[in-house]
Amino acid sequence: MKIEEVPQDSRYLEKTSVRDIYYATDEDGNYHPVESVGWEPQNEALALAWEAISEEAENIRKEVLAGKKSPLAYHIAIHLFDVGILSSYSGISKKTIKKHLQPEVFNQLDETALEKYASVLNITVEELKKV
Amino acid sequence: MKINFEHKPAAHCESGVTSNMLRYYGIDISEPMVLGLGAGLFFSYMPFITMHGMPVISFRPLPGQIFARVAKRLHVKISTRLYPMREDQSMKALDKLLLNGKPVGIVVGVFFLPYFPKEYRFHFNAHNLCVIGKEEDVYTVSDPVSLVTNQLNSAELKRVRFAKGTYPPMGKMYWVKKVSTQSPDLKTGIISGIKLNCKRMLDIPIPYFGVKGIALMANKMRRWETKLGSRKAALHLAQTIRMLEEIGTGGAGFRYMYAAFLQEAAAIVEKPELKDFSQQMTSIGDLWRDFAYEASRKFKKRNGNVCSYDQLADKLVHISEEEKRFFTGLRKFIQ
Chain B
1 MKIEEVPQDS RYLEKTSVRD IYYATDEDGN YHPVESVGWE PQNEALALAW EAISEEAENI
61 RKEVLAGKKS PLAYHIAIHL FDVGILSSYS GISKKTIKKH LQPEVFNQLD ETALEKYASV
121 LNITVEELKK V
Chain V
1 MKINFEHKPA AHCESGVTSN MLRYYGIDIS EPMVLGLGAG LFFSYMPFIT MHGMPVISFR
61 PLPGQIFARV AKRLHVKIST RLYPMREDQS MKALDKLLLN GKPVGIVVGV FFLPYFPKEY
121 RFHFNAHNLC VIGKEEDVYT VSDPVSLVTN QLNSAELKRV RFAKGTYPPM GKMYWVKKVS
181 TQSPDLKTGI ISGIKLNCKR MLDIPIPYFG VKGIALMANK MRRWETKLGS RKAALHLAQT
241 IRMLEEIGTG GAGFRYMYAA FLQEAAAIVE KPELKDFSQQ MTSIGDLWRD FAYEASRKFK
301 KRNGNVCSYD QLADKLVHIS EEEKRFFTGL RKFIQ
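Quick mapping for you: the protein sequence lines, in order, are chains B and V. Heads up: the first sequence at position 106 corresponds to 106 in this note's numbering, and the numbers run straight through without jumps. Heads up: the second sequence at position 317 corresponds to 317 in this note's numbering, and the numbers run straight through without jumps.
Among the hints, erroneous ones may be present.
[As the list claims (entries may be wrong)] Calculated from the model, a selection of chain B residues having no Cβ within reach of chain V, i.e. all distances over 12 Å:
(1) Arg11
(2) Lys15
(3) Thr25
(4) Asp110
(5) Asn122
[Said to hold, decoys possible] For the chain B half of the interface with chain V, some residues (derived, Cβ under 8 Å), not all of them:
(6) Ser17
(7) Ile21
(8) Tyr31
(9) Trp39
(10) Pro41
(11) Ala45
(12) Leu48
(13) Glu58
(14) Tyr89
(15) Gly91
(16) Ile92
(17) Lys99
(18) Gln102
(19) Pro103
(20) Asn107
(21) Leu109
Since the hints were made in silico from the structure, they are not lab data. We put the beta carbon where it would ideally sit given N, CA and C, even for glycine.
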């Protein structure tokens, strides 16, 4: 790839300090590192991944509003966690976490348990209770 | 305290950390040279390990291998430690090394990395960065994907060092113990690095790695649509492109970096033929990019001519054959 061909398709990176670096050639064919703010196929791959995550989370949100699942299920989805990852971060067993996905069990959790989940997900207890 | 450490952004996290860290110890080698010495060009497709429900595709060796190999080639003594279940101890050990003026490489998960773009934060746990200072509760880190150094408080740093999920980093850290007083013999290192890379790409006798892994992924891809349905197949394809192109993962970018290494190596070992190999590797990089471009048209369902999964798989088979031809030729030449 030539230096002038290094893609600069900005979508996610420009507001951060993060950049892609490509090794690209100058007119004499010598390689140099060149900064890039992104490439469209990669941006689109990311966008599609997030679209799928949002769709799944939206379905769960509806189930939470319908009283079928607890808000914890929704927060697991939007934070890309699963029961296994949440269990290893929190030290709470998978079996217990699964029980807490039921709204009636979740609603009875004490502040300590709620705080544990909230701190692992890096949100507040108030946010954890909402969807 | 802050170590007087020159931060340079890089294409890949581990080769970048290695290059920056060695420069601190007076060994000035470029990132592509680190990749070459560390035999860091690789491919693996492991359907039995999943991340976010999809098979892990990787373009790099296991974390730590590039650093360890480069150190070996340059006679640099290093230490590596893991701290399973010992979070506080690992932070103390880190502080002690910093106080002794040593930059410390660490492996982290990116999900809770505050300066990472939000959209890039998945539970990916094989990211490398270098800790270069601490003032009160705040650490300064040199992360090669960032243009500048960044700051993390101790709680944030602990959280990413003990990320959970696939391949938890378990507080892994690595540092330089001692640098040899003799100037490193790059020539021998380059030849050994090339030989090892040829071996890794060609000789691993199970089908998940090297050029065989690329062909295996191609074959699996042919059945994605019938097996998974079009929506899930598209997500798989998008995941593949993310692994291929995302910051710090290597992917197609590694092919260009390896080409840059061969170009640099040609002058050092006085073998101008390596420049031809460099150009061949550039063309292979172009093939990977063409694949990524066509794949993105496929999962975006662009109108007009869109490749089928079979056609995309054919492109991968072609890449696999080209890489096989390339490394076979390179090995023959370097023997």
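Outcome of the hint check:
In this structure B:Arg11 is not separated from chain V by more than 12 Å, as the shortest Cβ-Cβ distance comes to only about 8 Å. With a least beta-carbon separation of about 8 Å from chain V, B:Lys15 fails to lie farther than 12 Å from that chain, contradicting its non-interface assignment. For B:Thr25, the non-interface assignment is contradicted: its Cβ lies about 7 Å from the closest Cβ of chain V, within the 12 Å cut-off. Every CB of chain V lies more than 12 Å from the CB of B:Asp110, the least distance being 24 Å, so the non-interface label holds.
Under the 12 Å C-beta cut-off, the non-interface status given to B:Asn122 relative to chain V is violated; the minimum distance is some 7 Å. At about 5 Å, the closest approach between the beta carbon of B:Ser17 and any beta carbon in chain V falls short of 8 Å, and the interface hint on this residue holds. Satisfaction of the interface hint for B:Ile21 is found here, the shortest Cβ-Cβ separation to chain V being roughly 4 Å, below the 8 Å cut-off. Using the Cβ-Cβ criterion of 8 Å, the hint placing B:Tyr31 at the interface with chain V is satisfied: the shortest such distance is roughly 4 Å.
About 6 Å separates the beta-carbon of B:Trp39 from the nearest beta-carbon of chain V, less than 8 Å, and the hint is met. The beta carbon of B:Pro41 comes within 3 Å of a beta carbon in chain V, closer than 8 Å, and the hint placing it at the interface holds. With a least beta-carbon distance of about 4 Å to chain V, the hint placing B:Ala45 at the interface is held under the 8 Å criterion. Proximity of B:Leu48 to chain V holds as hinted, the smallest CB-CB distance being about 4 Å (cut-off 8 Å).
With 8 Å as the threshold, the beta carbon of B:Glu58 stays out of range of chain V, its nearest partner Cβ sitting at about 15 Å, so the hint is violated. Evaluation of the B:Tyr89 hint against chain V yields a held restraint, the C-beta minimum of about 5 Å falling below 8 Å. Against a cut-off of 8 Å between C-beta atoms, the interface hint on B:Gly91 is violated, since the closest Cβ of chain V lies about 10 Å away. Given hint, B:Ile92 at the interface with chain V, is violated; its Cβ is 12 Å from that chain's nearest Cβ, farther than 8 Å.
Interface hint at B:Lys99: violated, since its Cβ lies 20 Å from the closest Cβ of chain V, which is beyond the 8 Å cut-off. The criterion of a C-beta within 8 Å of any C-beta in chain V is not met by B:Gln102, whose closest approach is roughly 23 Å, and the hint is violated. Of the supplied interface hints, the one on B:Pro103 is violated, with its beta-carbon coming no nearer than about 25 Å to a beta-carbon of chain V, more than 8 Å. Restraint check, B:Asn107 versus chain V: the minimum CB separation of about 27 Å is more than 8 Å; hint violated.
Hint status for B:Leu109: violated, given a least beta-carbon distance of 21 Å to chain V, over 8 Å.
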